[in-house]
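Enquirer: One letter stands for each residue in the lines below.
Number of protein chains: 2
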Amino acid sequence: MLSWQCHYSINKGAAFLGLGTDSVRVVKADERGKMIPEDLERQISLAEAEGSVPFLVSATSGTTVLGAFDPLDAIADVCQRHGMWFHVDAAWGGSVLLSQTHKHLLDGIQRADSVAWNPHKLLAAGLQCSALLLRDTSNLLKRCHGFQASYLFQQDKFYDVTLDTGDKVVQCGRRVDCLKLWLMWKAQGGQGLERRIDQAFALTRYLVEEIKTREGFELVMEPEFVNVCFWFVPPSLRGKQERPDYKERLSQVAPMLKERMVKEGSMMIGYQPHGPRANFFRVIVANPTLTRADMDFLLNELERLGQDL
Amino acid sequence: MLSWQCHYSINKGAAFLGLGTDSVRVVKADERGKMIPEDLERQISLAEAEGSVPFLVSATSGTTVLGAFDPLDAIADVCQRHGMWFHVDAAWGGSVLLSQTHKHLLDGIQRADSVAWNPHKLLAAGLQCSALLLRDTSNLLKRCHGFQASYLFQQDKFYDVTLDTGDKVVQCGRRVDCLKLWLMWKAQGGQGLERRIDQAFALTRYLVEEIKTREGFELVMEPEFVNVCFWFVPPSLRGKQERPDYKERLSQVAPMLKERMVKEGSMMIGYQPHGPRANFFRVIVANPTLTRADMDFLLNELERLGQDL
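Going down the list, the sequences are from chains H and D.
Heads up: the first sequence begins at 539 in our numbering, then just goes up one per residue.
Heads up: the second sequence begins at 539 in our numbering, then just goes up one per residue.
Hints in this document: simulated from the structure, not taken from any laboratory.
Keep in mind that the hints are not guaranteed to be accurate.
Which copy is meant is left open, so a pair is good if it fits within one copy or across any two.
Stated by the list, open to error - Derived EDC-like pairs (lysine to aspartate or glutamate); straight-line CA-CA distance at most 20 Å: (1) LYS801 - ASP694; (2) LYS801 - ASP702; (3) LYS680 - ASP705; (4) LYS785 - ASP694; (5) LYS801 - ASP698; (6) LYS695 - GLU786.
Using the sequences plus the hints, can you model the full thing?
Expert: This is the structure:
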């Protein structure tokens, strides 16, 4: 059970683990991209009526495109009522918990059975640095993945072998990815990391207000996170919203501008269509070295590259 | 279908992918740790008689403990006869293909449907660097793992989007691990890498001959690869092979010496029991900076640490 706005990794995981993608049911999201708990309840009833046994809900804290945060408390209520595992994909938005000002976006995450969090995203730890946090205290991962390969995980060591965690992960040989997070945390401190998050939100606010004042820029919606989604409407399309080919022509703008910025070497900004919406740009304001001058450059550069369209 | 000497990752994968470990059948290995093709044939018949449909054989080129190379050509014949997928786990031994002198150990690998190879092992590329090589030319990985997430893998780009390989792998955000191999290969050349392999084999030979000349050292077997497996028999146990508690006491030697070397900070050598064999040391001669002096030090240090046992 997951919203259609969730990351494609959930579907991929279902296929990979042998559950099959038919086992994945999509829950409706509202116009801001948040899962609708009433529809979740409805999908569970439908699945049960078909004889299925729904067992897991994957909510998202920070969707990839819109940066939406699902209403975790309401979803936790549904999970509790139906005895379902409550997973939160906070890969993108989990770092917001470090900010006293913004952590309310994740209210209810403390009720999750499992949380996925990628410090390599918003916190800018080096790729890859992913954490899976579990409520479980029974060594679940070891019970799932452990194979007690005696040629690798000797039990007759001189120290407490429960410190050897290698057997509980999926991989065998792997990097010590958590060290990057630990070092960064020691170097920056909790306050330093909080400042990064708060600055990202503040800079996002600056960019959004700039977009509102400039002709030819149109927000997809007011962001609640650091994903700024907007269209650049070039001069030839301004005020032509009523033309039948408007959406089709608008769709071609982002790919064209992307080609130009890549060939110039000046910027890299992602774009995508989304549901019924034509291709729009998605600026992620995450890099802690970004300044207002970078935001100004970004908008000026789009104007410059798109002035003849 | 795999030999009992194979890496535990095969069992783990079967569990993880939802096939279940009961689907994994173990084939007998000979006293050198090589899969016995006649027993593979027998296990396939047994499985078919039970109504199962065997579909994959996983052979190993370079087992973890003994460094054994399965007879790939004979196994390929069996796979061909039964229409089974022929996978070679060459994670450890695959790099030997770079040596004209030693690549015969992998004769038959050219008939594999898939090969796993870890340049981060014998070639010492930085962790992690793993390759999965496929005979398939139909973009199988994309067909298995691709989800065409339109918000990530746009099709309306200005270049050939088949160059975007992200959708065919299991992960989404991941490091460009292949770059390490490419850079190393450019820097060292094929001949440089070949020299590393050949040196590792030569230094292994030196260590083995030294072990044979020293009192208290006993080879588990003549190695065919760079895994040197041996017992250190301390003074108090020499010539006591007939005592009923010999094996039990010998088993305690490696853990005790391991504790001593770790606490001294002088060496790190793995040990393990293996089938009916008591704990023995396993030295892997892989690091290209190793010299004969290091081999001498290793044996001297074991003698020093174990002289009172």
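Enquirer: Going through the numbered hints above, which ones does this structure break? Give me the numbers in ascending order.
Expert: Every hint satisfied by this model.
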